[in-house]
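**Q** If you want the building blocks of each chain, they are given just below.
Number of protein chains: 2
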Amino acid sequence: MKGHTPTFRGDDTMKRSTYGIIYGLFAALFLLFVWYYNFRGDRQDAWDQSPSGLAGDIEDKYVMVTFQSGLDYWRTIMKGFEDAAQGLNVSVEFRGATQYDPHEEITVLEQAIARKPAGIAVTAIDPESLNPAIDKAVKAGIPVVLFDSGAPKSAAYSFLGTDNYNAGAQAAREMGRLLGGRGEVAVITQPNQLNHEERTNGFRDTLRAEFPEIGIAEVADGKGDIGISEKTAKEILARHPEVGGFFATQANGGVGIGQALKDLGVAGRKTLIGFDTDKGTLDLVKDGTIDATLAQGTWNMGYWSLMELFHHHHRLVQPGNEDPQGTHSLPPYIDTGITVVTQANVDQYYAK
Amino acid sequence: MKGHTPTFRGDDTMKRSTYGIIYGLFAALFLLFVWYYNFRGDRQDAWDQSPSGLAGDIEDKYVMVTFQSGLDYWRTIMKGFEDAAQGLNVSVEFRGATQYDPHEEITVLEQAIARKPAGIAVTAIDPESLNPAIDKAVKAGIPVVLFDSGAPKSAAYSFLGTDNYNAGAQAAREMGRLLGGRGEVAVITQPNQLNHEERTNGFRDTLRAEFPEIGIAEVADGKGDIGISEKTAKEILARHPEVGGFFATQANGGVGIGQALKDLGVAGRKTLIGFDTDKGTLDLVKDGTIDATLAQGTWNMGYWSLMELFHHHHRLVQPGNEDPQGTHSLPPYIDTGITVVTQANVDQYYAK
Numbered sequence: 000m001k002g003h004t005p006t007f008r009g010d011d012t013m014k015r016s017t018y019g020i021i022y023g024l025f026a027a028l029f030l031l032f033v034w035y036y037n038f039r040g041d042r043q044d045a046w047d048q049s050p051s052g053l054a055g056d057i058e059d060k061y062v063m064v065t066f067q068s069g070l071d072y073w074r075t076i077m078k079g080f081e082d083a084a085q086g087l088n089v090s091v092e093f094r095g096a097t098q099y100d101p102h103e104e105i106t107v108l109e110q111a112i113a114r115k116p117a118g119i120a121v122t123a124i125d126p127e128s129l130n131p132a133i134d135k136a137v138k139a140g141i142p143v144v145l146f147d148s149g150a151p152k153s154a155a156y157s158f159l160g161t162d163n164y165n166a167g168a169q170a171a172r173e174m175g176r177l178l179g180g181r182g183e184v185a186v187i188t189q190p191n192q193l194n195h196e197e198r199t200n201g202f203r204d205t206l207r208a209e210f211p212e213i214g215i216a217e218v219a220d221g222k223g224d225i226g227i228s229e230k231t232a233k234e235i236l237a238r239h240p241e242v243g244g245f246f247a248t249q250a251n252g253g254v255g256i257g258q259a260l261k262d263l264g265v266a267g268r269k270t271l272i273g274f275d276t277d278k279g280t281l282d283l284v285k286d287g288t289i290d291a292t293l294a295q296g297t298w299n300m301g302y303w304s305l306m307e308l309f310h311h312h313h314r315l316v317q318p319g320n321e322d323p324q325g326t327h328s329l330p331p332y333i334d335t336g337i338t339v340v341t342q343a344n345v346d347q348y349y350a351k
Numbered sequence: 000m001k002g003h004t005p006t007f008r009g010d011d012t013m014k015r016s017t018y019g020i021i022y023g024l025f026a027a028l029f030l031l032f033v034w035y036y037n038f039r040g041d042r043q044d045a046w047d048q049s050p051s052g053l054a055g056d057i058e059d060k061y062v063m064v065t066f067q068s069g070l071d072y073w074r075t076i077m078k079g080f081e082d083a084a085q086g087l088n089v090s091v092e093f094r095g096a097t098q099y100d101p102h103e104e105i106t107v108l109e110q111a112i113a114r115k116p117a118g119i120a121v122t123a124i125d126p127e128s129l130n131p132a133i134d135k136a137v138k139a140g141i142p143v144v145l146f147d148s149g150a151p152k153s154a155a156y157s158f159l160g161t162d163n164y165n166a167g168a169q170a171a172r173e174m175g176r177l178l179g180g181r182g183e184v185a186v187i188t189q190p191n192q193l194n195h196e197e198r199t200n201g202f203r204d205t206l207r208a209e210f211p212e213i214g215i216a217e218v219a220d221g222k223g224d225i226g227i228s229e230k231t232a233k234e235i236l237a238r239h240p241e242v243g244g245f246f247a248t249q250a251n252g253g254v255g256i257g258q259a260l261k262d263l264g265v266a267g268r269k270t271l272i273g274f275d276t277d278k279g280t281l282d283l284v285k286d287g288t289i290d291a292t293l294a295q296g297t298w299n300m301g302y303w304s305l306m307e308l309f310h311h312h313h314r315l316v317q318p319g320n321e322d323p324q325g326t327h328s329l330p331p332y333i334d335t336g337i338t339v340v341t342q343a344n345v346d347q348y349y350a351k
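As they're listed, the protein sequences go chains F and D. Residue 139 in numbering that gives the first Met the number 0 sits at position 140 of the first sequence; the count goes up by one each step and never skips. Residue 147 in numbering that gives the first Met the number 0 sits at position 148 of the second sequence; the count goes up by one each step and never skips.
I should point out that these hints are in silico values taken from the structure, not numbers from a laboratory. Treat the hints with care, since some could be wrong.
One copy or any two copies: either way a pair holds, since identical chains are not told apart in the list.
In silico lysine to aspartate or glutamate, EDC-like type, Cα no more than 20 Å apart, as pairs [to be verified]:
1. Lys60 / Asp220
2. Lys222 / Asp125
3. Lys152 / Asp334
4. Lys222 / Glu109
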């Protein structure tokens with residue numbers, strides 16, 4: 000036991016030194032983490048120079064505002080918004096006016112602004128009503144972008160949506176190909192809505208330029224209604240039995256025409272090009288009544304909306320090209336694209 | 000010295016235990032870092048689910064290909080490309096054909112493709128020549144986007160550039176404002192180049208629609224040359240002394256007109272709107288000869304080119320909307336914007 004005390008004393012010294020070293024290492028580890036988190040944390044007004052990439056703060060909330068919030072159409076847009084948020088480590092929130100009512104959407108937008116989010120993506124129920132609310136948000140330093148339906152005179156930084164003229168052009172090319180470059184066609188549209196007018200113009204101009212042997216027998220109003228479009232298609236075929244193809248600039252139009260072709264026993268024998276990818280349209284693509292439908296780049300609308308808002312919030316715009324008045328240099332327009340959906344790829348478009 | 004040996008033994012034990020603990024902690028630290036780097040490292044074909052944001056691998060090389068690589072015009076585009084690369088933790092490389100020669104640019108592009116980069120951003124010297132090389136790259140799985148000058152029939156995924164029609168429209172609004180909505184103007188352009196034709200059309204249509212009391216006396220060819228534009232401007236003013244404003248759709252045109260106005264002693268008394276932000280133009284903005292010039296969103300061209308290439312390389316496009324044939328859903332067009340440069344903000348545009 001001679002060595003006992005010294006051993007104890009040694010143990011004691013050892014323990015004290017060891018604890019010191021352990022404490023030191025833990026302190027170092029702690030400092031390392033503090034440094035690490037400071038280094039790559041949210042630096043709002045500067046480039047994130049760390050090698051960890053583009054990342055935000057999970058506390059930053061980006062809001063999407065819609066109208067008729069029950070519409071299936073918004074689902075993929077919301078998914079794109081969410082996917083971008085996940086990639087960038089930020090949060091999202093969805094606020095929708097339930098009705099097709101400008102006043103309700105204004106209220107919802109005002110409520111979103113009041114909560115001072117990191118950014119707002121909004122789709123405009125019409126080109127004018129939301130302008131005062133949008134301008135107020137921008138003035139308050141909240142970046143705003145518009146998707147799907149724009150408000151050109153507002154102060155919003157960017158518009159992300161379909162190039163409708165080009166969508167009509169793509170429909171014309173599909174029609175020209177399917178008809179072998181000749182024949183008569185008809186269009187069922189909503190003549191008083193700008194996006195539908197642009198689709199019709201793109202369709203008409205492209206047929207004229209690239210398929211001069213295809214004529215347009217009629218351009219008719221389907222009023223965005225399945226029943227009216229069905230009736231209209233039947234009337235057109237009664238007046239012009241030579242019509243070999245239809246282009247519907249809107250989803251219900253395509254479903255209505257499809258119904259008419261089925262009733263008349265000519266489904267699959269007349270070419271039909273629809274628009275959008277609601278379930279009714281997809282079912283008719285699957286059974287061969289609709290030859291092709293045009294899918295809008297809805298995921299892109301949501302994804303790149305968030306990407307733009309994030310870039311503005313973090314001032315990742317052209318360095319030196321800003322001023323306190325809110326000058327910015329985000330791309331003013333992003334064409335979110337069109338994909339042609341046929342029997343070959345229709346299954347990808349059913350809601351999962 | 001009685002306690003000497005035990006103390007030594009104690010020291011010895013202490014040392015061994017302490018080293019063990021230190022080794023253990025270092026091993027833990029090492030494992031932590033291994034885990035950390037694995038966790039947030041390059042996962043090429045999937046969403047990076049970590050909270051560290053969008054990040055690539057510094058080994059991934061994205062290449063930009065230009066022609067007339069000495070042109071000052073590319074500088075800000077390259078800066079945008081670099082800034083995005085820094086943000087995303089990837090590498091860039093710049094390859095330029097030195098001459099205005101399609102064959103040389105094809106060779107440079109082919110060399111870039113051979114090195115199998117993560118993506119290529121290229122500006123097309125003309126709309127056709129590069130198509131076979133671009134299509135070859137896309138077929139080989141290398142994403143390609145076009146900036147500044149497009150090649151619409153190529154397989155490239157996207158085009159990022161100025162909406163030239165809109166640029167002309169903005170010039171018209173600036174002209175209308177400066178002339179107080181009335182008077183005669185002239186345009187000096189290059190009539191056979193598509194982008195210049197679009198600028199002229201946007202200018203003409205917008206004046207007609209929004210400033211019906213402003214007439215266009217002449218649209219003349221300046222051949223992209225300072226001397227010829229100067230001579231042309233003098234001839235126009237001799238024929239039409241009532242002309243109160245000029246719009247040049249191209250940088251040299253603006254400088255040439257400015258020279259003419261100085262020679263005739265009317266600099267600052269005739270309205271002059273130029274294009275682009277080369278030093279010659281900026282100097283004339285600074286001294287008041289050019290009232291406004293239109294700066295293209297060159298930084299955006301580079302920045303968002305890399306952003307799109309990165310998204311395709313990492314398959315961060317619409318989930319479920321891909322197939323082995325290379326289907327993709329990047330936005331097909333990004334309008335990189337226009338900023339009006341006047342004496343108020345001209346200093347920001349000088350090369351730093």
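**Q** Now tell me, hint by hint, if it's right for this structure.
**A** Here is what the structure says about each hint:
1. Lys60 / Asp220: For Lys60 and Asp220, neither the intra-copy (42 Å) nor the inter-copy (53 Å) Cα distance is at most 20 Å.
2. Lys222 / Asp125: Within one copy, since 17 Å is at most 20 Å while 44 Å is not.
3. Lys152 / Asp334: This pair counts as both: shortest intra-copy Cα distance 19 Å, inter-copy 17 Å.
4. Lys222 / Glu109: neither (32 Å within a copy, 52 Å between copies)
Checked against the numbered hints above, the structure violates hints 1, 4; every other hint is satisfied.
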